[in-house]
Each structure stands twice: as C-alpha cells, then as structure tokens.
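J.: Chains A, B, C and D, in that order, give the protein sequences.
Each residue of the first sequence is one higher than the one before, starting from 1 at the first, in this note's numbering.
Each residue of the second sequence is one higher than the one before, starting from 1 at the first, in this note's numbering.
Each residue of the third sequence is one higher than the one before, starting from 1 at the first, in this note's numbering.
Each residue of the fourth sequence is one higher than the one before, starting from 1 at the first, in this note's numbering.
Among the hints, erroneous ones may be present.
Chain D is faced by these chain C residues, among others (derived, beta-carbon under 7 Å) [claimed, not checked]:
hint, residue
1, Ser78
2, Glu170
3, Lys175
4, Ile241
5, Val245
Simulated from the structure, these hints should not be mistaken for laboratory data.
Think of the CB as a built atom: it goes at the ideal place given N, C-alpha and C, for glycine as much as any other residue.
Protein chains: 4
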Amino acid sequence: MSVVIETVESHALAGNPLGDPTARQVAIWLPPSYPRDRDRRYPVIVWLAGYGGTGEMLFSGNPWQPGLGTRLDRLVESGALGEAIVVAPDCFTRWGGAQYLDSPALGNYETHLCAEVLPAIDRRYRTIGARDGRAIGGKSSGGFGALVLAMRHPDLFAAVASHAGDMAFELSALKDLPTAARTLRRRGGVEAFVAHFEASERKSGDDFTTMMVLAQAGAYSPETGRPGRVALPFDVDTGAIDWAVWKRWKAWDPIELLPAHAEALRRMKLVFLDAGTRDEHNLDLGARIFVARLLALGVACEHQEFDDGHRGTAYRYDVSLPKLAAAIGARPAR
Amino acid sequence: MSVVIETVESHALAGNPLGDPTARQVAIWLPPSYPRDRDRRYPVIVWLAGYGGTGEMLFSGNPWQPGLGTRLDRLVESGALGEAIVVAPDCFTRWGGAQYLDSPALGNYETHLCAEVLPAIDRRYRTIGARDGRAIGGKSSGGFGALVLAMRHPDLFAAVASHAGDMAFELSALKDLPTAARTLRRRGGVEAFVAHFEASERKSGDDFTTMMVLAQAGAYSPETGRPGRVALPFDVDTGAIDWAVWKRWKAWDPIELLPAHAEALRRMKLVFLDAGTRDEHNLDLGARIFVARLLALGVACEHQEFDDGHRGTAYRYDVSLPKLAAAIGARPAR
Amino acid sequence: MSVVIETVESHALAGNPLGDPTARQVAIWLPPSYPRDRDRRYPVIVWLAGYGGTGEMLFSGNPWQPGLGTRLDRLVESGALGEAIVVAPDCFTRWGGAQYLDSPALGNYETHLCAEVLPAIDRRYRTIGARDGRAIGGKSSGGFGALVLAMRHPDLFAAVASHAGDMAFELSALKDLPTAARTLRRRGGVEAFVAHFEASERKSGDDFTTMMVLAQAGAYSPETGRPGRVALPFDVDTGAIDWAVWKRWKAWDPIELLPAHAEALRRMKLVFLDAGTRDEHNLDLGARIFVARLLALGVACEHQEFDDGHRGTAYRYDVSLPKLAAAIGARPAR
Amino acid sequence: MSVVIETVESHALAGNPLGDPTARQVAIWLPPSYPRDRDRRYPVIVWLAGYGGTGEMLFSGNPWQPGLGTRLDRLVESGALGEAIVVAPDCFTRWGGAQYLDSPALGNYETHLCAEVLPAIDRRYRTIGARDGRAIGGKSSGGFGALVLAMRHPDLFAAVASHAGDMAFELSALKDLPTAARTLRRRGGVEAFVAHFEASERKSGDDFTTMMVLAQAGAYSPETGRPGRVALPFDVDTGAIDWAVWKRWKAWDPIELLPAHAEALRRMKLVFLDAGTRDEHNLDLGARIFVARLLALGVACEHQEFDDGHRGTAYRYDVSLPKLAAAIGARPAR
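Chain A on its own, in the form it takes in the complex (with noise of 0.2 Å):
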C-alpha cells in the first residue's frame, strides 16, 4: 500500500472561529503504477470522511477491517478498479466536522478543499488535473458533501458517489433535535456542553448526537455577523422547534438543491447512491426520495439498496470506486 500524507497549509481556514489547525494532512492513495509510470498522469477520486472523521482515518484498518488502502489495493489487484490517485482531505473540526460547507461559524471547508487542496495535489503529483478526470465520494456527511461539492462545482468533478449521504432532513436531522435539546439544556447551553465534550474521555452517545448537531448548525444556520455563533434550530428549553432556522437547515437538503442544480447533475458522467435498508438515519428514504426527483427531472442516475444499517458498511466502496474510476477514464493497471 502507498498511502502519503501531504500537509496543505490553508488561506481559508486562517483565523476559523474553532480555533482549528490550518495546516491540514491530507491523506493520498498512489495506484501500484505510479512510481514506474513516470510519465503517465492519473485521475483522481476525491473521498471524504463520515461526520468525525478524517481522510487519514479512513486509512487506518486492522487485520480484520481492511482500510481504505487495502480496500483500493485489492480492487486493483483483482483489476476491478482502474487506477487513479485517491485523495482523502482533513476537514474535521473540533466540532466534529462541517458537511465539507464554507461558514462564519466553523470556517471555510468547501474553499480549502476545492480551491486549496485540489491545486496542491495537482501541482504535487501527476494528475490529470481536469474536471474529466476528476471524481468525488464518500459516505454520511461525506456523501452529503460529495453530492452538494459536485452540484456546486460541475466544473471540477464529472463524477459522484454518495453513500447514504445525509438527506431527507426532517426524516434523518430532525430526530435528533430533541436529544440536542435535552443535552444542552442539561449541560446549560452550547458553550458549557462543549467545554464538557472536550474534558470528558467518555463521550456518551448523547453527546455525540448533540455534537453532530451543532456541527450541522455551524454548517446551515451559522449567525451572520458573529463567528462561531449558531442559531440552533429549536428552543433549548422546550426542544420546541424553530420553523426559521429549521427553513435554512433545509435549503442545504440535496432534495432542495437539486432543482436549481439539475444541470450540474445531468453533466456528470456518473451520479451513484446507495444506503442500507435499515439505515438508523433513514437515508435510504432519503436516496430514493432524491432518485425519484432526480428521474422526474431527466437526470440518469445509479441508485442501489442493500441489507444492512449506516455504519460499518465500507464494503459498499467495492461497488462504487470501480465505477466512479471508470467514469473518469481510469484504466487498469498493466
């Protein structure tokens, strides 16, 4: 396995209001031709982490759980997947993440990634270093990312996977309000929950619900003019929701962007999605729900369901890495 880990030292994250490192590691898969084919450019996949993780994370298995690292050099070996360099970013923040978005509150990931990273690969390594030979995925809030990344940004990526990429919000996001609120109120607001959060080695999984949450907040409702402020999308005392806030948690749903991004979508030479059927998050609904809009828009797209729930289902990238790699002219290694 040839995994590097490059540090990108980022102009969009300067100053971010969690105080998080701006030189970032970005974790890189060269294909088993690399170092000999020293004059052959390669595609590249760009993969992002689930809410709390990183891209090197993602490369960290065990004997018994193979790594993203394993998992590409076997589907090369077996000559399932072409060969292009994978890129896995580090987008985490001490909140846990930021669904890949630019905002006042967490900082600026969608820049540092598309306007930062993406440049210093290509001018690191041999890239094809266009938008044909460009191609994003990943799972949860990293297929979120890669979908709403690829419908912003057609011109950099021609192809996209999502895996149980957070969607439907009011059958996924919503749920969870209710815990966030009870937490908070409990630990006396969001300031003195996450001071909690930080100093506690056991986080309970209450805590960690209520910290997916504030990180969705700092992503779709961050307060204008206040860095690191958030507007919560409920009453901390009465976990009452607020239809206000909750108007701009939605408009960042890929349901709603999609309309106003068909174009985007139709220019891809690939849209991918899957999710188990019992997703604990209900982000197979929310597949379907996107597909069926998708279709009704004329957009083609892949839309695949298998028997399992939202976590520990890494598997499923033996299904999409071949195709998003074929789709952006990935050939097998000789």
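Given chain A's structure and the hints, the job is docking chains B, C and D onto it.
T.: Just chains B, C and D now, with coordinates in the frame of chain A:
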C-alpha cells in the same frame, strides 16, 4: 378490590368500518364506601388506556406490578385519594385504538365515550352526574385523549391529567413514519400489512410501530367518503412526507388545538401534565411546549417531570389521581 | 372461554417462611362440552407458569396476544385439541416462585400441587382422576417443574411437555450468579435486597435476575434447620463460586436427575421437549443434552427446535397441548 | 509523539500452524528526552493489546479518542509519568490472538515476546536492560498476558498491571461457550467457521465471540501432536461442557496459577489490578477473587474498581502507567 365490568351497547359504533364490536366492556372501580353508603353519590374519574390497550387491561396487574385497582385501593387506604368512581372505557380497535376521536376510518369513539359510556355510568351508578364531579386522565394516547376531550368537552369534565400525552407530533409521531413507510412497502400496502399483522402471533417492533401509525392516520387523516380508508402522511415508496396530509395530523396536535380551546382549559379546576425526561417519544418536550403556550395564554396548570422513559410509569398515577379526585370534590373514605 | 378460579386451601404451605398465603387460586379451563356432557369425565393437563408468574396470569391475554384460555378455545375449535381440563396452579412466592419443589426456605409447593391441588380438582370436577388421564407441562421454570414432577411422580402423570425448561445449569443459571453477587453486595445482603425489591415499583433487570437466583437458592440450597434461609452458590463479596453449594444446585438439574428417574420417563406416553435456538438462557442446549442422554438410555422422546428466543413463545403450546391431550386419551369435541 | 515501528524477525514463530507472519511489527514509544539525552538508559514498560488487537493498533487514536502515544505524551508532559520506553508487541494471529502463550495450535508467542522482542529492544534502544527496569501491563487478554508472564518470568519483570485481565474463567469465558457451540454447529465445524469468518467482511458479534473462544482453545487446550488443532471444551452438537478439556483451560486461569507462582508476584515491586464494576465479562469479580487469594497468601497488591464496563476504558491507563513507571525507576522528564 371492587372492579365491575359493565357492557355498554354502542349505537355510535354501529357499522364501524373495521368490524369492531359494538358491545363494549367498561371497567369500573368502586370506592370502598360505595356498597355501604347507599345514599352517597360519587365523583367520576374517566381513565383512558394507551395505544393498544383497553380499560380492562389497566386492571390486570400481578403480585409485583400492581394493576390500577390495587393502586386505587392503596391510595384510598393510605388516605391520599378521596373516594371517586373510576371508569375505564374500551376504545380498542383492530388497529389498536382510535385516539378517542370520531373517525370514518375507525369508528366514533369520542361520541361513544361522551354520549354513551358516561350517561350509562351515570344511570347505573350513584355518580354526581355533573361536570364539576367529573375528571378525565390517561397516559400516552390516553393522555392525548384526556387532554383533547377536556378541551372539546369542558361541559363534561372539570379536571384533566395527561401523562406523557401525544403532542408536538413533529418530535414524536413524525419519527415513526419512516418505519411505517418501509414496512408497508415490504408488505405491499395497508391491507396486506394488516392481514400479515393479524396472522402473525409474534409481532415485531416495526409491526407495532406501523400499526400505531395506521391508527393515527385513521384518527387524524381518514379519507372522506371512503369509510375505512386513510390518507397516509408519507409516500409508501419513497417515505417522502406528504405535507398536506401531515397538516391534517398537526391540526389534531393538542399544541395546535390549544389556542382555540384555551377557554375550555381555563375553566378546568386542574390541568395536570407530566412526562419522563427520557421519554422515547419526546413527550416530555411536547409537555414543555404545551405548558409554555398554556402559561403564555394565562392558563394555570401543574407540570411535573421525572427521571424515566415512556413505559412502565403507572406509578405516576399515584401523583395525578389524588389531585384529580380533590379537584372534583372527592372526599376521603371514612 | 370458560375459566374458573378455584381456591384451594393448603396445609402443606401452612407456616411457610416467606409468609405467602395458604389459600391458593387455581385457574381451571373447562372444555366446551363440559357443561352439557354431564356424565363425561375428562383427562387433566396441569400447566405450570414460568418464574414470576401464576396460573391465573397465564390466562390474561389481550386482543393481540391470546391468553391460554383463548389459545385452548381455538385449538379445540379447530379440531386440533382433544377435550381435557387444564389446571394452572398458583405456586408464586414473595421470591417469585419455588421451582415447584418442597423447600424449608420457601414452602412445600411440590406437596401442595401433587397432594392438594390435584385431589381437590379431582373432587370438584369430573376428571378421569387417574395417572393415565393426567399430563403436565409448562415453560421455563414451569418446564423444569413439569419434567421434574413427571420424573418424581410417574404415578401421577402419564405425559410431560417441557418448553425451554431449566436445565444444564452450568450453561443457564450459572451466568446469572455474577449479577446476583454484585446486586446483593450493593444492597447489603439478602434481606436488605428483598426489602429494596419489594419497596421499589420499578424493578431493574438486575433486580429480577437477582430475585430469580434467590428463588433457585431457596429451591435447591435451603439452609437446613434455619427456615427461610438459603445457602448462596457464590461469595457475595467476590462472586467466587461456592462449588459445594453449586453441587446441591446441580443435584436438581434434570440432566443429573435423569439417570435415577429414567424408568419414570420410560413409562410416559409422551416426553416432549422444545426450545428456541436463540434462547437467552441456552435452554436449547440444555434440551439437546437432556435428549441425547435420554436417547442413550433408550427412552423415546419428541424434541423440537424453533427460531426464536426465550420470551413470547406461548405459540409453541399449540404444538405440545394437542400431543399431551392425545397421549392421555382426550377425545375431540363433538 | 515519537512512535517507531520496529520489525522483529521471529524464529519462535517459524512454521506456526496458522501461517501467520514471522516478521513482527513492534510499536515503540520513546520518551521526550530520548533523542537528546544520548547517554541515558530507560526502563521499559511492555504493553499488551487485548484480543483482536496489535501493539500498533493501540497507538491509532483520533482527535476525540487519544491513542496510547498521545496518552503517554500527555502523562509525561503533566509530570505524572516518569520517562520510560513503552514497547507494544504484535502477537496477533489469524484467530485474533494467542493469549501471549506458547501453543502448538497457534504459535510460540510467549517465547517470541520474552526471548526475541525484549532482547531485540534491549539491543536496539538504550534500555536499562534488566529485570528491575522492566514492567508489563495490558488490558483484557493483555491483562491476562501481563499477569501470567509476570508470574512465569519474574526474572524478566519487576512490576505488573492487569486491567480487566481474563480470569475466573467460570464467570467469564464459560458463558461464551454456548455461543461458540451454536455457531460452530451452524457453520459445520472449526474449519468451515474460520473460512466463513475470513470471507465475510461484516463479522457478527457471535462470530467474534466464537473466534475468541477458538483462540482461547488454541492457547489453553491445543491438541498434542496435531499442530493447529484444538480440543474444544464443549460438544459442538449439544453444547455440553467437556469437563476434561475445561480443566485444561482452568489450569491457565491466573487464579489457579497463583498458588504455584505466589513467590514470583511477591518479588514484584507493584502488582496492580483493576476492572469496571459493570464489566460484561465479570472480570471485576475475577479481580476480586484474585486479590482475595493474593492477600491470603500475604502478597501485597493495589486493587481498584471504577464505574464502567469492559470496553473504552483506556483512560484507566493514566492510573497504572505512572505507578508502573515509578516502580521500575522511571524518572520525570527534565
């Protein structure tokens, strides 16, 4: 313990679309002095079972889990509870309940309870037989029923207790819809699902949830002009929320009913709400929202929270029953 | 359904150390022809409740979960079940049961059942009143009781059914001992624990497990000469197994009782065992071991397995009851 | 953080029956002063991973869950931990581990660790290189390994820490045997099961438990003269315990090893044991039993309990590591 099962023959339920019986078994608990104080008249507490239950089932306890009768005996014996007659009607349906409402899809249970059961009890027993001597309470769907009937019939009831009553549907009922959508899709629609449900002795948790969603659809969004048919607040194929149908559900949310019925609640001698702060259906948040709105309208109420979930909380009746009884003039046993 | 509750006043239980009542409520189901065939005599099936239950509780079902009476009605109606009287005794104790044995720690429930309940039923009802017209069955602790009483009283019973009956204690009971040790340590010993248990309306799973361990200790390892006291098969402070006491438990394991009672089982017209292959107490393995030993001794039996756990498996009685009834000469209803 | 991965080529593991690699990756953490204090020699703490893990895996943390390296850095920085070299060997096998013992079924991991890894580290790094400068610790199977190796090699180690170490097998390992019996039966025996396990990317909880039982059988009850074969302590068909094989297991229970090795532990400068009082494998009770016997033998030890289960308790190392380090003469960083 003195529990009598009275049969009340219903006209309101005649021809109900689910084919449920019209002869209903009403469980009646008589206070200790009832047989000997032969001239005394007693106030009445109507107690409503939760989804899937009947009044009679409330009385079936075991040596380690007291039924409602044992609980009432104890409360009277200890001096905590004034003497009142407790009436527990049977509004069970093939779909598990009817939310104590009239519906062309399920049957007219509101009418049955208010216009048939109450008069029958007043005729057959020495009740006070007037609004000021009548209270209503219950848990879960029974708490919903109590609150809604109190709001809609302030001429019948003078006090109300809602334990973890259904409300704030977007925090409680909404999160069950994905399960119902998937289950109905797998079973091939409502009729096929109901047939499966009735045929299987081991009902799964998803089956129960789906049936509960159907019962709510029966109560909140029956199809007009097509008895026994319901409009579902979601698309069976994708799980997408049908917001038009959902609006019909929300119209029955006690929180939505409140503005138009504040006057009814203001007339109550007691409005009592509680819920456990770990309620799996988030009904503690529902109660918080309801209470906040109630207070904003200048209506007094008593609101309690306790450290528990939704199930197994009948011990909370020890708090509400004495308060209800006192509010409607129950005097201690002599 | 025709269920009668008969009171049997017990001499065997007089002065029992837990202070449990001596007047016991025995639930009796009479077959449809009983009232009209006034000269007919019927075989008797004794049915034993599991730990924590009484005979009467077996009959409390609800519209979605048939009680034993509804189940018997259906079976007779469908022609599957020959007509027999079903007798469900009450051997509940303050500790939840007594494993249907005589014990100085709990009371003499084996004597009560065999020498008091059976004769009382034979006197009060038109039973065949002889061994060949009597069968015994039950589930869990009731399956244990059925098997052990059949082994010890082949003069009383001619057929036996054990559903997931307690056996192979090293695979089932042993793994509950650590929970009991910890709980008793925390509560400060047996007496303090029992007081806590009885005072708390919400009993935790650990509390139930601990009480169940106590009931077994009461049945298997009572202290001699100190009524109401038990020897525990573990050290309360460390949880270390006390192998001397454990040996007393194992002496009551049906698998250990088998060699000395093989002849009794050989005389049975039916020995039926089953268990679910996901039984949480590993009683499917217990049954496999018992059956293997039984066959090695040349005793015939019927052994079934099914895909389920330990709880909620009353539907299995539909298999055993008709077989038991047939074995003791029950004829179909006319 | 300064973690080095050293390869140690093993002769002891040559020809091991599972075909596991002989070149082993040992993770080594060097204290802050190591690079600059070029004449200083350091004590060594050997830290053993639990079942299913490797030394290297102990170091892979994430921003919210510190790995062992981050933990050591913090401890040194805060002044709590004296400077020592921490060595985390790789004794992983295809069956998930070998309990750090020599076995004809798995390979000679005790020899590998004691006679190959330790000397290699002493050669390659500036260690004190003597018993009084060496401690050993670990959690779960690693806690077992630490305790057993300390007992068997008091010439190599002068202090030991066992976090929730395997012991009192009748309370811990025994209750996993039924799961293993059922799983092996369903899969058609050991070989078919292992093939299934290795082929399936999603391993179930029962699969993990079964593999863990196999690894223990490999360590405790290998078949003599048939490399790679194990005797199972149960009958695969019925689940009946094979007490003869079980006796071989129990011979490796630290509690059984204790009497013959008390002298070795008496020589230790520190014997530390802990476990969470909700340990799912009851290892808190195991520790209580071990400690009681140890004290009865007049051997001093430090015993702690804490309110947690078996998993996710690496924060406990913050307690043991400083004590171990102090016991073997580690001095604070300057």
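J.: Would you mind marking each hint as holding or not holding in the structure?
T.: Quick rundown of the hints versus the structure:
1. Ser78: Where the cut-off is 7 Å and the nearest Cβ of chain D is about 34 Å from serine 78 of chain C, the hint is violated.
2. Glu170: holds (6 Å)
3. Lys175: Holds, because the Cβ-Cβ distance from lysine 175 of chain C to chain D comes to roughly 4 Å (cut-off 7 Å).
4. Ile241: holds (6 Å)
5. Val245: Violated, about 14 Å.
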